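Asks: Below are the chains, spelled out letter by letter.
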Amino acid sequence: MTSVAILSPSVGLHSLARFRARPSTVFSLVIVALVLVAAVAPGLLASGTPTQIDLTNALAPPSWAHPFGTDEAGRDLLTRVIYGTRLSLGIGLGATGIAMSLALVFGFAAGLVGGVLDTVITRVLEVFFAFPALLAALLVIAIFGPSVKTSIVAVGIGSMPGYARMVRGQVINVKQAGYIEAAHALGHSRWKVIRRHLFPNAMRPLVAVMTLGVGQSIVWASSLAFLGLGVPPPSPEWGALLDAGRLYITTSWWLEILPGLVIVLVALAVTSLGRTMQHRLEGASR
Amino acid sequence: MTTLAPDLLPSVSTRPLPARTSVRAARRVGFKVVSAVLVLIAAASVTFFAQLVIPGDRATTILNLQNGREQKWSTAELAPVNDRFGFDHPLIAQYLDYVGGFFKGDLGTSYTQFRPVTSVIGAQIVPSLVLTIGALVVAWIIALVVTLVTVKRGRFVSGAGSSVEAFTASLPHYWVGVILLVVFAVKIPIFPVIGGDGLWGTVLPVLTLAIPLSGFLGQVTRDEFDKVLDQPFIVTARARGMGDTGIRLRHALRHAVLPAITLSGWALGALISGAVIAENIFGRPGIGQVLVTAVNTRDVPTVSGIVLVVAAVYIVANLLVDLAYALVDPRLRAS
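Same order as they appear, the protein sequences are chains A and B.
Per my numbering, the very first residue in the first sequence carries number 1; after that it's consecutive.
Per my numbering, the very first residue in the second sequence carries number 1; after that it's consecutive.
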């Protein structure tokens, strides 16, 4: 009994399989599935192409033929949203990846080594916290100029400090666990304990946090584009659609509100999934 | 709790002075102020180094920006720029100049306008602060009223309350702003679409910032209310025959508010990001407009200056929150 209890809990997807079918979870899973399909094979969801111009039908309000209406060149907005998914999701994943990679370096260095290094890193992170993420991102864009790549890096750097603090906390938490002590007592090398026990267990709750982070990154990247400082307009990236629609805001509301709604729904779905995962993982580790 | 003998408390220092509460409190305040100043210095260092990582030679960049084209410039052409911006000084001198200047209210010189960043920012910071502080107050009022009324009122009411909070907390500022603009300025023209300077024109921008924040604050205060309302002293108050409303207002409220006060410093930072967007949507003057223009023209010193001012506001606000917290919560004063 006790020997089982001190074994390092295994990391697996088995906890995912136990999702109870709550309505909000089902709704989130449907949205995430649609997003993934749109990102991988947009042709399956949209009949036309995102660049099909129809000037006789410019700025048409939403209708059965064009559920999201059309833009100033008569292009179908829903089709453009669907084709923009890949880039928007890519930016969200890329930014979260950059933020997490940096955070792992800082967090593990601080949490594992401790002492002076920990104090220094914690202080540096405190300084970074003083810069609101969006403003930090704007500073990066001012330095390197707006582009897809800068958006990813800017949002990643802006959101790094929060992750780093969490990684550090996790490492310190897991380091004190009974199974780590047991592994040391069994004579495993330091490196093996870190690789086999500390890293996977410290990362487990962070997977849920990263899921939340992807939604947040998509929102931030679209905020940058909304200001005209993200991905530039001919692209159907979601933020770029918002940027392009700004000119017609007083006459054609759908150009802003509907792509915005898609971003909100995706962010909500991803957030709710992340929360559910967090609860499951917390439940499993107790 | 606070009557423990001082010897029983874990001692942090070697205690050269008798452990009088007032002395310790003063020392703690001093410590907090000093560490806030250190964080300010570090923040200024970050924005200084941000200006160094601009790809290429800085004087060339400035001349390119000035003339709107990319080309090579001769040493004679570069010399006055290097002299004007002090690029020919050693790095350490430039650094000390920048950090020292920051504490004297000097943020360097704009690359595109050739005048001090402080004069570019100028009075623009005032409307932005009015907007953010207004939004903070409104968000607090919405969050407190909604949680006070709905918390622990049966599964349906409190469930609905917390879903609304989770929903509004995740709304991006630009979307809230656009919807408010379309609904209350275009479709139902109650408010001005653009450039309302007066109080009336401030309503929609303030709501744009306040709605998502109120959802966020509401989530926190609801959790606290939930916990506090189960405490024994609440049960005692009920046993004494106190009404439910009285309990919520007299006893639960202050406990629920405490942890959320800490968040106000953080919220101010988040609100300034939102203010950039709200000012942009509603065409309001403020640092948001200056900032977006500066990012567009790659005027890094101006962007750095604004970012640094915002960081300073955040640091000072957090210091004040820290100190206020210690004042409001007597438990922290003694521990």
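Simulated from the structure, these hints should not be mistaken for laboratory data.
Mixed in with the good hints there might be a few duds.
[Unchecked claim] Reference listing, derived: stretches of chain B covered by chain A, where coverage requires no fewer than 3 residues with Cβ under 8 Å from a Cβ of chain A:
| no. | segment |
| --- | --- |
| 1 | 53-61 |
| 2 | 287-299 |
[Said to hold, decoys possible] What follows is a set of in silico ranges between Cβ atoms, one per label pair, in the way DEER data are often shown:
| no. | chain 1 | residue 1 | chain 2 | residue 2 | range |
| --- | --- | --- | --- | --- | --- |
| 3 | B | Lys32 | A | Phe144 | 53 to 61 Å |
| 4 | A | Gly74 | B | Asn296 | 28 to 36 Å |
| 5 | B | Met242 | A | Arg123 | 24 to 32 Å |
| 6 | A | Ser24 | B | Arg27 | 44 to 52 Å |
| 7 | A | Asn57 | B | Trp266 | 41 to 49 Å |
Treat the numbers as computed from the prediction; the structure is a model and nothing was measured.
Note that CB positions come from ideal geometry on N, CA and C, so glycine has one too.
Asks: Indicate, hint by hint, whether the structure satisfies it.
Replies: Tested hints:
1. 53-61: holds (count 3)
2. 287-299: holds (count 7)
3. B/Lys32 - A/Phe144: 53 to 61 Å: violated, 36 Å
4. A/Gly74 - B/Asn296: 28 to 36 Å: holds, 29 Å
5. B/Met242 - A/Arg123: 24 to 32 Å: violated, 47 Å
6. A/Ser24 - B/Arg27: 44 to 52 Å: Cβ of A/Ser24 to Cβ of B/Arg27: about 50 Å, so the range 44 to 52 Å holds.
7. A/Asn57 - B/Trp266: 41 to 49 Å: holds, 47 Å
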